[in-house]
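Chains as they are written, first to last, in our numbering: chain Y, 1 to 289; chain D, 1001 to 1167.
Keep in mind that the hints were calculated from the coordinates and are not lab data.
Errors might be hidden in some of the hints.
Quick list of simulated restraints, FRET-style, between CB atoms [as the list claims (entries may be wrong)]: (1) D1127/D <-> P115/Y: 55 to 63 Å; (2) T272/Y <-> L1040/D: 48 to 56 Å; (3) E1125/D <-> S172/Y: 37 to 45 Å; (4) L1116/D <-> P119/Y: 15 to 23 Å; (5) D174/Y <-> D1127/D: 46 to 54 Å; (6) D253/Y <-> A1030/D: 50 to 58 Å.
Idealized CB from N, CA, C, for every residue including glycine.
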Amino acid sequence: MKPRLPFLLTGLAVASINLAFAQAEHFRLPKVIEAGAGFSIQSNGNGKAKLYLIGPGQVLMRDVQLGEATSLAPGSLCYAGRYLAVLAAESFTETHSFDVVPASAPANLSFIAKPSRLPVGLHDGITGAVYVFDGYHNLIVTPKSVSFVLSTPGGTMQKRTAVTNDGAAWTSMDSTAQQGIDNFVVRLGELSSTRIVAQVPGDPCGLTMSARQMGQRVQLITDPVRDCNGNAVPDGTIVTFTARQGGTQSTIDEPLKHGIAEVTTQVHPGTTLSVASGVVMGNQIGWDK
Amino acid sequence: MTGLKFLMILFAGIAATIDSMPAQVPVHVAPVHLHGPRPLEQQSQAAVIRDYIHAWQSFHIALEQNRPELLNADFVGTAKDRLAGTIQQQDKLGIRTQYQDLSHDLQILFYSPDGLSIELADNVEYDVQLIDHEKLLTKQRERVRYFVVLTPAEVRWKVRVFQSVPE
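Next comes chain D alone, as it looks inside the complex (with noise of 0.2 Å):
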């Protein structure tokens, strides 16, 4: 009985864990050709990356929840204004958005000389669902085009302009 206990709860606590951690998305990186002057070493382009995807996670779940405090982490002047106001007009219309992506096809495109900013292409896919007061109203796949530009903070890159384009 106490082993039967103990292999309860350490299912248990591997189900939680599973459950905390962040879905591995596919993510895969195009060869750096970058359009200015200033190289990108490889640990700089892996902590874009990483917090690039980070992002898309607080989104997902700032919007999911409608809770904009959630994108302080990852997202900095327009792009986290222009999310915080989506989050705000979804709370108010009582609908909640979830965007979850499914991979993720990123090329760095351009390091500022100064770098203080670092712009990403992301041919993304991701499904979207619209939730008005709890009933799921539809769900879609869409595969876009984003142009992602990322200014570094105190301890990570942010993202800055969040924007995607017919592809």
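In isolation and in its complexed conformation, chain Y is listed as follows (with noise of 0.2 Å):
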């Protein structure tokens, strides 16, 4: 009879702490539910309780029969995050926490482009981030392969790719050689989401004015401004013209106009002319008529 004892307690003990289980669980449900899924919640007992679904994101309660089991319909709980559910009849209060997760398939990209305008040929000038959704607009964490795409009027493009870390993924691209308006798309499967770039023309690339006598005064005229891939400077953009004489120097600042800029002035035999747009300086003219 010894040699039992011990094994007969043992089996009292796990029989009273399987029975303490059962009294400890009035409830069932799920540990994790995907966003907006439909679920149930099986309670044991008899007799009425209040359930509290509550997390930071939704709080909900409902009447409950114990015993019986009760159906949250797909949409009831929509946010991810941790949950407490709290079971409260007259005799008990049981809390079991679960978690509400993102649903699998993403809805919506949250997509940031900067800047929307910039001068053209910049290497890594425009740069994108995106965040992943869900149709409830829950932060997708696992991984997912994007892409993005930059595409002028031309046709030119550039495509870059990337996978998501921690819901969250980035890309730069270098702004193009012609000016216009460009899309800069990011997808993800049938998602995408477009932001309109801006590319204008860099600074002139050169400058040169020629100069001729118009009567008693000097036409100073430039050629056309481009920047350096070409593009016509727009319009307005400031040209200044410099004449230099011994100790003396004065200026004339002209808009551009029809993509050129012209002054007619007043020039004496030893003058040294010169023309700058911004911190681009342009050619010199010794003018000694």
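From these two lone chains plus the hints, build me the complex, please.
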């Protein structure tokens, strides 16, 4: 008999633990629920109770009949996060935690492209960052493959692919050689989001003027002003003509009109004429007439 | 007597100060390993963490007192809408919840190239209490991993995405 006693005691201990577990468990529910999915909670016992589902994103309360299943329709819990399910009856209150996780299918892309306007020909001048969300705007943190495409009206394309890391992905693109309105698109499966990026001409390049006598005065006129990629610099850009003679200097600022700048002024022999636009210097002419 | 009165006022003042100060919650910050191209300055990192921890205090008080306006300083967009919706539901049901953070283990994950968003992960431990018509129904300790996206506002970083996932 003696050897059986410890065995019997162990058996009793296990049985009492099982009994305690069974007594504690007044209801069961899935530990993980996909956002927006329907589910049910099975309770034990008799009588009425209140079921609370509480989380930072949502709170629900239902009157339940113990011993019956309580169904929560699809769309009842949509926001991802840790929730508590609390079943409160007259004789007990029991709490379980569970998680609502984002739906697996992406439905929204939050895409930010910067800048919206920039000069042509800048290496890595355009950046894009995207966050991937499900249909309830929960951040999907499992990796997803996205593609970024920057296309010009002329059909030139740059394409990059990236995999989201913790819900986010990014890329950088060069601004192209041609001015114009480009489309910057991010795609994930059938989803896409587009941003407009305006590429404008860069600084003038090879700024050149000529001078000719016009009666008593001299006409200074630039060649058509273009950037280094051949894009016309926009009208209104200021061109500065400078005349230096001895210790004196005079300047005239003139906006581009129809792609060129011109002025007519008095110039004395021995004057050095120069042209500039912003920090870009053009040619010099020595006027000896 | 005058001395005793002075001491009482002094201790009352100290007690009031301690009461109004936010509880010092342990915050551990992991070394930064960003998966973006933009470096994160120490000052920006400190500001983001400070504002995020402050957001937890607002979250805690707003849901405890059912006062959605307390979210305005620290939350924006989806995060604010959801929390405000929860407060509205709580108020309707006559319940309150209390989320008391106990510790944060933070890691900055992503700083977008334009500088307009920062994502961080937070392994946070907190106590949740559910109070129905002033009766405490349950208190439970939870440990979850939060993913948080913050965006810059006028003078601070505000929480735009505030979402936990199973650890």
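Status of the hints after comparison with the structure:
As the Cβ distance of D1127/D to P115/Y is approximately 46 Å, the hint placing it in 55 to 63 Å is violated. Here the CB-CB span from T272/Y to L1040/D is close to 51 Å, well matched to the stated 48 to 56 Å. Under the hint 37 to 45 Å, the C-beta atoms of E1125/D and S172/Y, about 38 Å apart, fit the expected range. About 21 Å separates the C-beta atoms of L1116/D and P119/Y, a value consistent with the hinted range of 15 to 23 Å.
Taking 46 to 54 Å as the suggested C-beta distance range, the pair D174/Y and D1127/D conforms, at roughly 52 Å. Between D253/Y and A1030/D the beta carbon distance is about 56 Å. The supplied range of 50 to 58 Å therefore holds.
Hint compliance for this structure: hint 1 alone is broken.
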